[in-house]
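Student: Listed below, chain by chain, are the residues.
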Amino acid sequence: MSRDVNAPATAHAEAAQEAERDHANPFSAIAIFLLPALIVYAAFTALPVARTFYNSTHLIVPNRPAEWVGFTHYVELWSDQMFWKAVWNTLTWAAVAPVLEVSIATLLALALYAKVPFSRFLRVAWFTPVLMSYVVVGILWMWIYNFDWGALNALLRAVGLGDWARPWLGHPDTALPALIAVTTWMWTGFNMVVILAAMSSLPSEVLEAAELDNCGWLAKLWFVILPLIRPTLLNLVVLSFIGKMKIFDLVWVTTQGNPLWATETVSTYVYKRAFQWRTFDLGYPSTIAVIWFVIVLAGVLGLTFLFRQRDRLEY
Amino acid sequence: MKRISLAVTVAAVMSASASQAQELTLWSHWADQAAKVEFVEGAARAFEEANPGVTINISWYQKEPLYAALKTALTAGQGPDIFYAETDQTEYMENGLVLDLSDGLNWDNIEPWAQEVWGWQDGVYGFPLEAWTVETYTNQAMLEEAGIAMPVGGLEGQAFVDAVAKIAEAGQTPMAQGVGDRPYPGAFLTHEILVKKLGVADYQSLLRGEGVEWTDPRVREALEFAKAIIDAGAHPASFSSIKLGEAHRYFHTSPGAAMFQMGSFYPSRAFAAPDEGGQPDGFPLGIVNGPIPPGAACPECKTIAVGGSFVVNAGTDHADLAVAFLNSMASPEMGNNWLEANLVGTGIKADPSAIEGENATYFQKLAAANAGARYTFGIPVQQMQGTPRETFTQVINQAFPAGLVGVDEVISIMSAAY
Chain A
1 MSRDVNAPAT
11 AHAEAAQEAE
21 RDHANPFSAI
31 AIFLLPALIV
41 YAAFTALPVA
51 RTFYNSTHLI
61 VPNRPAEWVG
71 FTHYVELWSD
81 QMFWKAVWNT
91 LTWAAVAPVL
101 EVSIATLLAL
111 ALYAKVPFSR
121 FLRVAWFTPV
131 LMSYVVVGIL
141 WMWIYNFDWG
151 ALNALLRAVG
161 LGDWARPWLG
171 HPDTALPALI
181 AVTTWMWTGF
191 NMVVILAAMS
201 SLPSEVLEAA
211 ELDNCGWLAK
221 LWFVILPLIR
231 PTLLNLVVLS
241 FIGKMKIFDL
251 VWVTTQGNPL
261 WATETVSTYV
271 YKRAFQWRTF
281 DLGYPSTIAV
291 IWFVIVLAGV
301 LGLTFLFRQR
311 DRLEY
Chain B
316 MKRISLAVTV
326 AAVMSASASQ
336 AQELTLWSHW
346 ADQAAKVEFV
356 EGAARAFEEA
366 NPGVTINISW
376 YQKEPLYAAL
386 KTALTAGQGP
396 DIFYAETDQT
406 EYMENGLVLD
416 LSDGLNWDNI
426 EPWAQEVWGW
436 QDGVYGFPLE
446 AWTVETYTNQ
456 AMLEEAGIAM
466 PVGGLEGQAF
476 VDAVAKIAEA
486 GQTPMAQGVG
496 DRPYPGAFLT
506 HEILVKKLGV
516 ADYQSLLRGE
526 GVEWTDPRVR
536 EALEFAKAII
546 DAGAHPASFS
556 SIKLGEAHRY
566 FHTSPGAAMF
576 QMGSFYPSRA
586 FAAPDEGGQP
596 DGFPLGIVNG
606 PIPPGAACPE
616 CKTIAVGGSF
626 VVNAGTDHAD
636 LAVAFLNSMA
646 SPEMGNNWLE
656 ANLVGTGIKA
666 DPSAIEGENA
676 TYFQKLAAAN
686 AGARYTFGIP
696 VQQMQGTPRE
706 TFTQVINQAF
716 PAGLVGVDEV
726 ISIMSAAY
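Those sequence lines, one after another, are chains A and B. Each residue of the first sequence is one higher than the one before, starting from 1 at the first, in our numbering. Each residue of the second sequence is one higher than the one before, starting from 316 at the first, in our numbering.
To be clear, the hints were calculated from the coordinates, so they are not data collected in a lab. Note that beta-carbon positions come from the ideal geometry of N, C-alpha and C, so glycine has one too. One thing to keep in mind: the hints can contain errors.
[What the hints assert, rightly or not] Simulated pairs of lysine to any residue, SDA-like, Cα-Cα distance not exceeding 25 Å:
no.: 1; chain 1: B; residue 1: K542; chain 2: A; residue 2: A165
no.: 2; chain 1: B; residue 1: K378; chain 2: A; residue 2: P62
no.: 3; chain 1: B; residue 1: K386; chain 2: A; residue 2: R51
no.: 4; chain 1: B; residue 1: K386; chain 2: B; residue 2: G701
no.: 5; chain 1: A; residue 1: K85; chain 2: B; residue 2: G721
no.: 6; chain 1: A; residue 1: K272; chain 2: B; residue 2: A732
no.: 7; chain 1: A; residue 1: K272; chain 2: B; residue 2: T387
no.: 8; chain 1: A; residue 1: K246; chain 2: B; residue 2: A383
no.: 9; chain 1: B; residue 1: K378; chain 2: A; residue 2: V137
no.: 10; chain 1: B; residue 1: K542; chain 2: B; residue 2: C613
no.: 11; chain 1: B; residue 1: K386; chain 2: A; residue 2: W252
no.: 12; chain 1: B; residue 1: K558; chain 2: A; residue 2: P177
no.: 13; chain 1: A; residue 1: K85; chain 2: A; residue 2: F248
no.: 14; chain 1: A; residue 1: K272; chain 2: B; residue 2: G392
no.: 15; chain 1: B; residue 1: K558; chain 2: A; residue 2: F275
no.: 16; chain 1: A; residue 1: K246; chain 2: A; residue 2: L303
no.: 17; chain 1: B; residue 1: K558; chain 2: A; residue 2: D148
no.: 18; chain 1: A; residue 1: K272; chain 2: B; residue 2: E409
no.: 19; chain 1: A; residue 1: K246; chain 2: B; residue 2: G701
[Said to hold, decoys possible] Okay, the calculated beta carbon distance ranges per label pair:
no.: 20; chain 1: A; residue 1: P36; chain 2: B; residue 2: Q393; range: 23 to 33 Å
no.: 21; chain 1: B; residue 1: E379; chain 2: A; residue 2: L207; range: 48 to 58 Å
no.: 22; chain 1: A; residue 1: R120; chain 2: B; residue 2: E379; range: 40 to 50 Å
no.: 23; chain 1: A; residue 1: W88; chain 2: B; residue 2: E409; range: 26 to 36 Å
no.: 24; chain 1: B; residue 1: R689; chain 2: A; residue 2: L297; range: 53 to 63 Å
no.: 25; chain 1: A; residue 1: S28; chain 2: B; residue 2: E338; range: 46 to 56 Å
no.: 26; chain 1: A; residue 1: A158; chain 2: B; residue 2: V352; range: 37 to 47 Å
no.: 27; chain 1: A; residue 1: W88; chain 2: B; residue 2: W435; range: 33 to 43 Å
no.: 28; chain 1: B; residue 1: E409; chain 2: A; residue 2: V136; range: 38 to 48 Å
no.: 29; chain 1: A; residue 1: W143; chain 2: B; residue 2: V352; range: 29 to 39 Å
no.: 30; chain 1: B; residue 1: D418; chain 2: A; residue 2: A50; range: 42 to 52 Å
Turn these sequences into a full structure, and let the hints guide you.
Tutor: See the structure below:
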């Protein structure tokens, strides 16, 4: 009888204990929440990456089993002049563009932060290019750079600098700088908005303290504002670096790597080798992809290490 | 019981009709070329009518998306029964992806040269629907105005260089070439000079790296002749960015040019209505050979290319039906229909002289420019593979005619590509 009386209490205690155990070790709940994302990640990211690594050491052609070729593709890549030209172009782009984009964006953000006239309009105008796709931007700039009737050459001729008019995308000396100018034009506005947001969230007491100390605007910018928004700037540099290391669309729309491989990037070269070189073998293009993945990863880690903040800012 | 027997009967009828119904799938380029679409669709409908129970489903693509789709589909064993291919795509044969049509196709109705172009090892693999030659189209009025008489056989040596210089000095564009979106039109000038200078066998040997080298003195002379034409101001300053369609318009409408080296598929764009990008009414179009280099081994040599063709998937379950469909297009009647509809050549035996009406004159001029011609088959990018092909595209198609590199650099870069 007494057991009957105590039974509900015992069951309640056991349930409480079980709930406590669940809270202490919520593995199944975590698994349920993570599983869908993990499946998607495994299917569309991890598996293709693993397959690319596998392909890079095999000869992959239809109607035949994959043939192990060891590191033959890697050795071949070492002496592939076109690949190294593409690497040089891409690294140039990835080194120059982030600096241009972030520095110009910082100046524009400062102008807006200082509330120059028409700042609301300018913020929208400067941000607009990033809303367009690379295809649209590419076509637009092909018109601007056109030798006969492009806006740039027309402007040069109008101001008496007709001798400077040239086919900007058609000469090896100007094609890559011309494309770097396009990505700078396109992405500066985005960087500007992010930097402006960082500036707007700066603690006002720090800026006011600087003013009380008779700090000039240049000193305030250099010693107060820039150090405070440094993490934002560095993140933007890294994002821009990654974007330029993978650039494909703009080059494909405008030059397809011409002239004389002056605008060939690693991504366009991989595409050419995979789909335009009259071969079904995906091994060699996969090797390029693997090598480039390693280089990009190393670049990002290197930048992160280089820009790491040793002393935590306090305010 | 009645219901059951009815159901069995219906199922049997459906099963019987399903076993008779056959479906062919065809993937093709030319999505934006209405006349070609109409020709192939018309042939498909006629074949369906003649073969009850057979349906042909055609998917139309642009060329690059088609190639990408085929690459993945064929690799996965899920390609269409018939698909578009060009003669340089030997990877299909190398990997056993297309059927040998040696015994299946009615070769009596196909031009022997077109059969030769599709030959690979011991087989013949493609049905050559489209074919074209490389021609020098001229604006006769502009040439007359400049006091230049250009014979159909073509101007030779310095006479051509002088003609180009004279036109350029008059402030006009001698040759309306552009390479903004194609890997071959800028190379027409150089490779046509090379084939005339070397003759067909040595020219093919040069392109394929099978004996004749780029350092050969004859090659240097040919390149120097091409360079003289280029330096005389042959091409527009915007050569690098002008796209194929724009180059046509540049030649016949605005700003106008005296010459235009182009495949004989020129009419497919230029014979459209003027407000749709076609040449102006009454445009004084001429067709000539040349330029012919000094000391040419074969002045009558020129390039003929088999363009769009159809091949049969080696993995198809309907091989006989697919070949039968191709054979339904392989008749002189269909060849003439193709010529009249598309105004571009074909590998099907046809009779251009039988064409009447407003385009008859054009075909007569084209025939005159090809009288006695000896052909090399395929433009260089169709004869080359891999690194040499890519290098040829960058150097001979673009940098050399744009004046970015000289003869020595061409020889050096091309030699290093093999």
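Student: Next, verify each hint and record whether it holds.
Tutor: To see whether the hints hold, each was checked on the structure:
no.: 1; hint: K542(B) with A165(A); verdict: holds, 23 Å
no.: 2; hint: K378(B) with P62(A); verdict: holds, 21 Å
no.: 3; hint: K386(B) with R51(A); verdict: holds, 17 Å
no.: 4; hint: K386(B) with G701(B); verdict: holds, 17 Å
no.: 5; hint: K85(A) with G721(B); verdict: holds, 21 Å
no.: 6; hint: K272(A) with A732(B); verdict: holds, 17 Å
no.: 7; hint: K272(A) with T387(B); verdict: holds, 15 Å
no.: 8; hint: K246(A) with A383(B); verdict: holds, 20 Å
no.: 9; hint: K378(B) with V137(A); verdict: holds, 23 Å
no.: 10; hint: K542(B) with C613(B); verdict: holds, 20 Å
no.: 11; hint: K386(B) with W252(A); verdict: holds, 20 Å
no.: 12; hint: K558(B) with P177(A); verdict: holds, 22 Å
no.: 13; hint: K85(A) with F248(A); verdict: holds, 15 Å
no.: 14; hint: K272(A) with G392(B); verdict: holds, 23 Å
no.: 15; hint: K558(B) with F275(A); verdict: holds, 22 Å
no.: 16; hint: K246(A) with L303(A); verdict: holds, 16 Å
no.: 17; hint: K558(B) with D148(A); verdict: holds, 14 Å
no.: 18; hint: K272(A) with E409(B); verdict: holds, 19 Å
no.: 19; hint: K246(A) with G701(B); verdict: holds, 24 Å
no.: 20; hint: P36(A) with Q393(B): 23 to 33 Å; verdict: holds, 28 Å
no.: 21; hint: E379(B) with L207(A): 48 to 58 Å; verdict: holds, 55 Å
no.: 22; hint: R120(A) with E379(B): 40 to 50 Å; verdict: holds, 43 Å
no.: 23; hint: W88(A) with E409(B): 26 to 36 Å; verdict: holds, 33 Å
no.: 24; hint: R689(B) with L297(A): 53 to 63 Å; verdict: holds, 57 Å
no.: 25; hint: S28(A) with E338(B): 46 to 56 Å; verdict: holds, 49 Å
no.: 26; hint: A158(A) with V352(B): 37 to 47 Å; verdict: holds, 45 Å
no.: 27; hint: W88(A) with W435(B): 33 to 43 Å; verdict: holds, 38 Å
no.: 28; hint: E409(B) with V136(A): 38 to 48 Å; verdict: holds, 39 Å
no.: 29; hint: W143(A) with V352(B): 29 to 39 Å; verdict: holds, 30 Å
no.: 30; hint: D418(B) with A50(A): 42 to 52 Å; verdict: holds, 45 Å
Hint check: no violations occur; every hint is consistent with the structure.
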